[in-house]
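2 protein chains.
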Amino acid sequence: MRRSQRMAVLIQRLVEQPGRVFTLSEFAREFGAGKSSISEDLALAREVFAEDDLGRIETYPGATGGVSYLPVRSAERLAKSTGALAALLSAPDRILPGGFVFMTDVLFAPSWAQAIGEAFATTFAGAGAEYVVTVETKGIPIALMTARALGRPMVLLRRDSRVTEGSSVSINYVSGSSQRIQTMSLPRRALPQGARALIVDDFMKGGGTARGMVDLLGEFGARVVGIGVVVATAEPANKRVDGYTALLRLEAVDEEARRISLRPLTERPSW
Amino acid sequence: MRRSQRMAVLIQRLVEQPGRVFTLSEFAREFGAGKSSISEDLALAREVFAEDDLGRIETYPGATGGVSYLPVRSAERLAKSTGALAALLSAPDRILPGGFVFMTDVLFAPSWAQAIGEAFATTFAGAGAEYVVTVETKGIPIALMTARALGRPMVLLRRDSRVTEGSSVSINYVSGSSQRIQTMSLPRRALPQGARALIVDDFMKGGGTARGMVDLLGEFGARVVGIGVVVATAEPANKRVDGYTALLRLEAVDEEARRISLRPLTERPSW
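So the sequences go chain by chain: A and B. If you count the first sequence from 1, position 127 lands on 1519 in the working numbering, and the numbers rise without skipping. If you count the second sequence from 1, position 136 lands on 1528 in the working numbering, and the numbers rise without skipping.
Derived by calculation from the structure, the hints in this document are not laboratory data. Be aware that one or more of the hints could be misleading.
Pairs involving identical chains hold if they fit within one copy or between any two copies, as the list cannot separate such chains.
Below 20 angstroms or equal to it, Euclidean Cα-Cα: the simulated EDC-like pairs (lysine to aspartate or glutamate) are [unchecked claim]: (1) Lys1597 / Glu1647; (2) Lys1427 / Glu1627; (3) Lys1597 / Glu1408; (4) Lys1427 / Glu1611; (5) Lys1427 / Glu1439; (6) Lys1472 / Glu1422; (7) Lys1472 / Glu1408; (8) Lys1427 / Asp1552.
Every value quoted in this text rests on a predicted model; they were computed, and no experiment measured them.
Required output: the full structure, derived from the provided sequences and hints.
Shown next as structure tokens:
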């Protein structure tokens, strides 16, 4: 195998499974090469990834050490991709009766879900999340991609409890938009006690659903280390949760003038 | 930039976005290199990817040509990963009251969802699917990862219709397991008329839900080019859909003896 071929395989393995820690011995065995050669390859890749803003190749020293790939990007690239997302979602033909904005096609496009997941992974890289949590339905693809980028499992809160999930904990909460009491549940076996959880969702208006998620996670003794949403409405300014990060702020939807005012947030509230 | 660094960036770009076609000119411009050098790099990578069963690097000739990465694997590797999945899901502590098997943690683990998505992408690589379709909720992560592996969008059928989605088409169907009439809907703007659709779901018993999906897609003039499920029950042998591919067959769940009989399918019914 040529050196550039070894590099091709190394990068395929790392990029295919973000967040997974590979040991150098594992690679050395696989390639029949010395650990020092593998280290050199990784140093060259790390250098060019940093230059081209392609994510971080992290190496961990020591006997239990290894290497992993984290698809986190620079603030500039994040601003560029949230800007592109704002432009895409502001198209007038996305306005639905009632002043809603059609976002489903974007949330369910794997490449956009992945870009959003990487934006959240970048924002919350230092939060030490052990689980990425969302509530059904539309937030699932972005939560899965956030979990993938962080190399963590995803946990899904359900709107009802199912026989196929075993015993569950349920809570009631008031949805901010409809002011109706709703139910949210989580199977006992889906989350260990005392875990560090990152909440991800597609949309926030009053924050009632996010509040419900925080409360249900509280029943599991979880520590919420961050809340990330794709779009938060400007009004009401006071949400039912204290700290959250939105990629985009929805200022107004003018059905008459066919105009959506959606802008990328530059200042990010820190949790 | 050294040659092995150019290779590192090339592979990062390709593996990060499966199914996306990049032009050689795009890469040549980015690297300030000749197209012939890029072609050589790609040939070396293609060779070693084929040897190591890491997926296909496809090149398309001509002026509109380019290159893309498809994470499809060999039949041997597919058998190995479905075998590992069967072993994982057969653990006795997964048995829930009523003879159900707890699968949610596996379906929602990004690495497993990705492995399952790549298994479906491998199985249906030649089917020419333009969209990957599932119904909420538990099939969403595997459908998203199948769509990602094929470089296609995902479309989600809902159990109800939402104001935030615009006008929808709904159908009623009989769920095989509960024998109850249920509703399934799809926003008009989510799928163009006459599309080629691949259906993906986590579980099939009677096939009623899959039948409903086929019927609803029929309302959009769609052509169903394949149905893939992770687990299909052995009984009833006659499902309500004709052709489907299951990765695993659930023979029996013995609550008394705490035993799950789940085996990988070696013969795949062809659609």
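Go through the copies and call it for Lys1427 and Asp1552: within, between, both or neither, with a Cα cutoff of 20 angstroms. neither (51 angstroms within a copy, 56 angstroms between copies)
Check Lys1597 against Glu1647 for me: Cα-Cα at most 20 angstroms, and say if that holds within a copy, between copies, both or neither. within (18 angstroms within a copy, 45 angstroms between copies)
Checking Lys1597 and Glu1408: alpha-carbon separation at most 20 angstroms within a copy, between copies, both or neither? Answer is neither: 35 angstroms inside a copy and 33 angstroms across each miss the 20 angstroms cutoff.
Within a copy, between copies, both or neither: where do Lys1427 and Glu1439 come within 20 angstroms Cα-Cα? within (18 angstroms within a copy, 24 angstroms between copies)
Check Lys1427 against Glu1627 for me: Cα-Cα at most 20 angstroms, and say if that holds within a copy, between copies, both or neither. Neither: 56 angstroms inside a chain and 52 angstroms across chains, both beyond 20 angstroms.
Alpha-carbon proximity between Lys1472 and Glu1408, which holds within one copy, between copies, both or neither at 20 angstroms: between (24 angstroms within a copy, 18 angstroms between copies)
Indicate which option fits the pair Lys1427, Glu1611 if close means a Cα-Cα distance not exceeding 20 angstroms: within, between, both or neither. neither (46 angstroms within a copy, 58 angstroms between copies)
Pop the pair Lys1472 and Glu1422 into one bin, within, between, both or neither, using alpha-carbon distances up to 20 angstroms. Between copies only: 18 angstroms across, 38 angstroms inside.
Against the hints set out earlier in the document, violations occur for numbers 2, 3, 4, 8.
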